[in-house]
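K.L.:
So you can see what is in the structure, the chains are spelled out below.
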Amino acid sequence: MKVSVNVNGRQVDRDIEDRTLLVHFLREDLNLTGTHVGCDTSGCGACTVLLNGNAVKSCTLLAAQVDGEKITTIEGLSNGELHPLQEGFKEEHGLQCGFCTPGMIMTSADLLSRNKQPNEQEIREALEGNFCRCTGYHNIVRAVKYAAEKMT
Amino acid sequence: MSYIGKSIKRVEDKRFITGKGKYTDDIKLPYMTYGCFVRSPYAHAKINSVDISDAENSSGIVKIFTGEDIAESGINGVPCGWQVNFKNGDIMKEPPHPLLVKDKVLHMGDAVAFVIAESYSQAKDAAEMVRVDYEMLPAVTNPQEAVKKGAPQVHPDAPNNTCFDWELGDSKAEVEAALKGAHHVTTLDIENQRVVPNAIEPRSAIGDYNEAHEKYTLHTTSQNPHLTRLLLSAFVLGIPEHKVHVIAPDVGGGFGSKIFHYTEEAMVVWGSKQIGRPIKWTAERSESFLTDAHGRDHKTHLAMGFDKDGKVLALKSETFANLGAYLSTFAPAVPTYLHGTLMQGLYTTPKINVDVTGVFTHTNSVDAYRGAGRPEATYQLERIMDLAALEMDMDPAELRRINFIPAFDGVEQEGYATRVALQYDSGNYEPVLDRALEMVGYDDFRKKQEAAKDSGKLLGIGFSTYVEACGIAPSAVVGALGARAGLFESSQVRVQPTGKVSVYSGSHSHGQGHETTFAQIVADRLGIPLEDVEIVHGDSEAVAFGMGTYGSRSLAVGGSSIVKSLEKVIDKGAKIAAHKLESRVEDLDFAEGKWTVKGTDKSISFGDVSLTAYVPHDYPADLEPGLDFSSFYDPTNFTYPFGCHVAIVEVDKETGHVRLKRFIAVDDVGNVINPMIVDGQIHGGLAQGIGQALFEGTVYDSSGTLLNASFMDYSIPRADDLPNFEIDRTVTPCPHNPLGVKGAGEAGCIGSTPAVVNAVIDALWKGGHKVKDIPMPLISERVWKAMQNGH
Ligand code: FES
Ligand code: FES
Numbered sequence: 001m002k003v004s005v006n007v008n009g010r011q012v013d014r015d016i017e018d019r020t021l022l023v024h025f026l027r028e029d030l031n032l033t034g035t036h037v038g039c040d041t042s043g044c045g046a047c048t049v050l051l052n053g054n055a056v057k058s059c060t061l062l063a064a065q066v067d068g069e070k071i072t073t074i075e076g077l078s079n080g081e082l083h084p085l086q087e088g089f090k091e092e093h094g095l096q097c098g099f100c101t102p103g104m105i106m107t108s109a110d111l112l113s114r115n116k117q118p119n120e121q122e123i124r125e126a127l128e129g130n131f132c133r134c135t136g137y138h139n140i141v142r143a144v145k146y147a148a149e150k151m152t
Numbered sequence: 001m002s003y004i005g006k007s008i009k010r011v012e013d014k015r016f017i018t019g020k021g022k023y024t025d026d027i028k029l030p031y032m033t034y035g036c037f038v039r040s041p042y043a044h045a046k047i048n049s050v051d052i053s054d055a056e057n058s059s060g061i062v063k064i065f066t067g068e069d070i071a072e073s074g075i076n077g078v079p080c081g082w083q084v085n086f087k088n089g090d091i092m093k094e095p096p097h098p099l100l101v102k103d104k105v106l107h108m109g110d111a112v113a114f115v116i117a118e119s120y121s122q123a124k125d126a127a128e129m130v131r132v133d134y135e136m137l138p139a140v141t142n143p144q145e146a147v148k149k150g151a152p153q154v155h156p157d158a159p160n161n162t163c164f165d166w167e168l169g170d171s172k173a174e175v176e177a178a179l180k181g182a183h184h185v186t187t188l189d190i191e192n193q194r195v196v197p198n199a200i201e202p203r204s205a206i207g208d209y210n211e212a213h214e215k216y217t218l219h220t221t222s223q224n225p226h227l228t229r230l231l232l233s234a235f236v237l238g239i240p241e242h243k244v245h246v247i248a249p250d251v252g253g254g255f256g257s258k259i260f261h262y263t264e265e266a267m268v269v270w271g272s273k274q275i276g277r278p279i280k281w282t283a284e285r286s287e288s289f290l291t292d293a294h295g296r297d298h299k300t301h302l303a304m305g306f307d308k309d310g311k312v313l314a315l316k317s318e319t320f321a322n323l324g325a326y327l328s329t330f331a332p333a334v335p336t337y338l339h340g341t342l343m344q345g346l347y348t349t350p351k352i353n354v355d356v357t358g359v360f361t362h363t364n365s366v367d368a369y370r371g372a373g374r375p376e377a378t379y380q381l382e383r384i385m386d387l388a389a390l391e392m393d394m395d396p397a398e399l400r401r402i403n404f405i406p407a408f409d410g411v412e413q414e415g416y417a418t419r420v421a422l423q424y425d426s427g428n429y430e431p432v433l434d435r436a437l438e439m440v441g442y443d444d445f446r447k448k449q450e451a452a453k454d455s456g457k458l459l460g461i462g463f464s465t466y467v468e469a470c471g472i473a474p475s476a477v478v479g480a481l482g483a484r485a486g487l488f489e490s491s492q493v494r495v496q497p498t499g500k501v502s503v504y505s506g507s508h509s510h511g512q513g514h515e516t517t518f519a520q521i522v523a524d525r526l527g528i529p530l531e532d533v534e535i536v537h538g539d540s541e542a543v544a545f546g547m548g549t550y551g552s553r554s555l556a557v558g559g560s561s562i563v564k565s566l567e568k569v570i571d572k573g574a575k576i577a578a579h580k581l582e583s584r585v586e587d588l589d590f591a592e593g594k595w596t597v598k599g600t601d602k603s604i605s606f607g608d609v610s611l612t613a614y615v616p617h618d619y620p621a622d623l624e625p626g627l628d629f630s631s632f633y634d635p636t637n638f639t640y641p642f643g644c645h646v647a648i649v650e651v652d653k654e655t656g657h658v659r660l661k662r663f664i665a666v667d668d669v670g671n672v673i674n675p676m677i678v679d680g681q682i683h684g685g686l687a688q689g690i691g692q693a694l695f696e697g698t699v700y701d702s703s704g705t706l707l708n709a710s711f712m713d714y715s716i717p718r719a720d721d722l723p724n725f726e727i728d729r730t731v732t733p734c735p736h737n738p739l740g741v742k743g744a745g746e747a748g749c750i751g752s753t754p755a756v757v758n759a760v761i762d763a764l765w766k767g768g769h770k771v772k773d774i775p776m777p778l779i780s781e782r783v784w785k786a787m788q789n790g791h
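If you read the sequences in order, they're chains G and A.
In terms of the working numbering, the first sequence is residues 1 to 152.
In terms of the working numbering, the second sequence is residues 1 to 791.
This is chain G alone, in the form it adopts within the complex:
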């Protein structure tokens, strides 16, 4: 089938197999490998992207479902300069192996778009669907706080 999606501000038209998951569309068809696959049960959040500005798990949607919509991946979060969240993750050592990081950043971007000054509990709850096995989340929380400060 044909899909037409705005990905990171660029219109892309592709002919794909009907059953193609959004995450595979991004990774395999568009080579946007910053979006990762960490599980097969919609649990880990490594695949999180923004659909019209809202965080979604791209392993849980078919590419067909986002036909005509707007997708933002980690590669499109900023142009040139680092986004405050990207900066926050670096400044606060919010990543180690980096595998969960794009998903963490996209979920946090969604949070900060709804809640400009989240407290620690709110950050932890917002990230509840994103697994990190490296950091123990301590510095991820600080990274999000850093970005919240920076964005006000």
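It is worth saying that the hints were derived from the structure and are not from the lab.
There could be a bad hint or two in this list.
Said to hold, decoys possible - Below 16 Å or equal to it, Euclidean Cα-Cα: the simulated EDC-like pairs (lysine to aspartate or glutamate) are:
#1 A/9 / G/91
#2 A/124 / G/40
#3 A/124 / G/17
#4 A/572 / A/622
#5 A/6 / G/91
#6 A/28 / G/29
#7 A/22 / G/75
#8 A/14 / G/81
#9 A/14 / G/87
#10 A/9 / G/87
#11 A/14 / G/75
#12 A/14 / G/91
#13 A/661 / G/120
#14 A/6 / A/524
#15 A/20 / G/75
#16 A/20 / G/28
#17 A/20 / G/81
Since chain G is already given, all that's left is putting chain A with the ligands on it; use the hints.
P.N.:
This is chain A with the ligands only, laid out in the frame that chain G set:
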């Protein structure tokens, strides 16, 4: 500028935060195919037939291999890298671990066929069409059951499913006599349950055979590409090592599970040669649950005897260690030399006997998982210490204190020789306890706890003081203990003509931040900007050799190797500088990136010396051009970090729900190069250790089915399960390596688990429920039941 001890922001972060990391599954090679394994849904079954006829006609199929093909090809199974002998001297049982099984599957997830297609979905479709006729057989998953007469047998040549039995320390008779004479004996039967490492990046491997060069390339999610190359070439496929190129690019966490050489790696490499195209295989998470080597799985009986003042007189520990169906690379070492040798803890216990039986069961392999053996030892010691304190009505902190080994720095005072074969390098245990008590506000807490007794929530505090062995390891020592490899590390420091420096390290970073920490060492020693240093790792052709990253060894062993190479660079640089300055080497000082003639302002910079080394027009006659040195560093001892962890929990009386309120960790990992990175390592370790205490654990049913093989059913800690960690450190340098560092990767995971469990037991005792143990993970149901049964 000095870079040591500074929280330099990580240089590797940029690529990860912008989505530009390159993990194995991100790699696409021209003309690449995709592989999918057909795996057994049964733990133990005879294979009557494998019918691939439908699958072969499925669209996009390139090739299907079965166990029969592997058996015919004569490929060996994957080998084990560590040999442990029976008490009577017999060699451990070492059954083969084939790439694909032909006659009998031995655990759920055992691979019976490998389907290769043009796309992953085509491979998966066809894999579902492979019809395997299984005849189910009875299975055993519990090691204590498996050794009993009449239990289902995993391998015909391993009677009673016993891989080895093993003993360490004082004789059993001596220890039992000491226990008999003790004023008080605490006994405890505990389980260190099986957990799944769950690095967030699933394992992945790409095999790529190049016919023109007769060369095999393997891209793989590995913590040690060189070891994988050695095992793959010399032991499994029998192909020349110099024709095998192994690349471990960005790797998304390992925690031990990516140390080992896996069958899938050999399968894609061999398969690629057969079909003449690259093959990629990437695990789905449920496949990771079934096939990534698991961790822990010990069942232990403990007895500890005390005199009337609380001094420990003797310790007896008997463990049945589950090894799974096949021996993974380091499996036999974990419950023996990485566990039994730690049973001294940081106490002066004069008599210790450790007994371990390694057992085969119809389960996935068990091997090193963050801490590997030391968490199991620490769990035993620290659980029984807390329980003894409760039984003897002593303060758990003070009971530990009176048993501490007195301080020793390994320089003025000798290292401490344990009863269980180790020589601790340096230790000073009271300060970590004192600092932790201070951070907790101990006296105050006990008052709060008393006051909370009659409320709906019980408060509890749990301690854990640990010592561990890392910086693995002196080759001669581990060789004597059964390792089939050396455990040194290599490095190369290549100074470029412009004074920029490339460093090639055999250590592998999969989150630890070597590209920053190692660069700090180099920039510091050479007095050059950090930006002028690049760390290269994870490629068997770029790096001469490497033993990889595990056992908190990268800095202590890999970092020390870099220091050795740097010393050679500086020595040669001094000769060049002396020539240029018309001085003598002895008259030069090297500091801040330049050689200066003592007492003068005559100097030459590192950059000028580098250039001279490569443009040697005016050059010492007896010196080779170039400035490029490599070194192998073999440590003289393990390193022994230690610390004190304290957990404070709240237990809901109505539901048994446990909430971790605070977690305090004071660790001593020796000198610290980058405090930010060390803190991050501690945080991550704590989360995994706490995860084991409260959330994680495999569940097998009686037929050997792993019931919780997905993130839906297996719980790893989430952001809202954990508190902010309160951490601090003391510094007792390692006396035997040039950096004075000990290692920080596993400490958090080793110390934290018993602290959490102890806190829950403490809460229950203070609430009047005298329970000795609740098996991990401490889910509400188990805690609630314990409260109903405990009086
Ligand atoms: S890959 Fe989408 S939630 Fe795990
Ligand atoms: S940084 Fe490794 S999983 Fe989060």
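K.L.:
Evaluate each hint against the coordinates.
P.N.:
Status of the hints after comparison with the structure:
no., hint, in the structure
1, A/9 / G/91, "holds, 6 Å"
2, A/124 / G/40, "holds, 14 Å"
3, A/124 / G/17, "holds, 15 Å"
4, A/572 / A/622, "holds, 12 Å"
5, A/6 / G/91, "holds, 14 Å"
6, A/28 / G/29, "holds, 12 Å"
7, A/22 / G/75, "holds, 13 Å"
8, A/14 / G/81, "holds, 11 Å"
9, A/14 / G/87, "holds, 9 Å"
10, A/9 / G/87, "holds, 11 Å"
11, A/14 / G/75, "holds, 12 Å"
12, A/14 / G/91, "holds, 11 Å"
13, A/661 / G/120, "holds, 14 Å"
14, A/6 / A/524, "holds, 11 Å"
15, A/20 / G/75, "holds, 8 Å"
16, A/20 / G/28, "holds, 15 Å"
17, A/20 / G/81, "holds, 15 Å"
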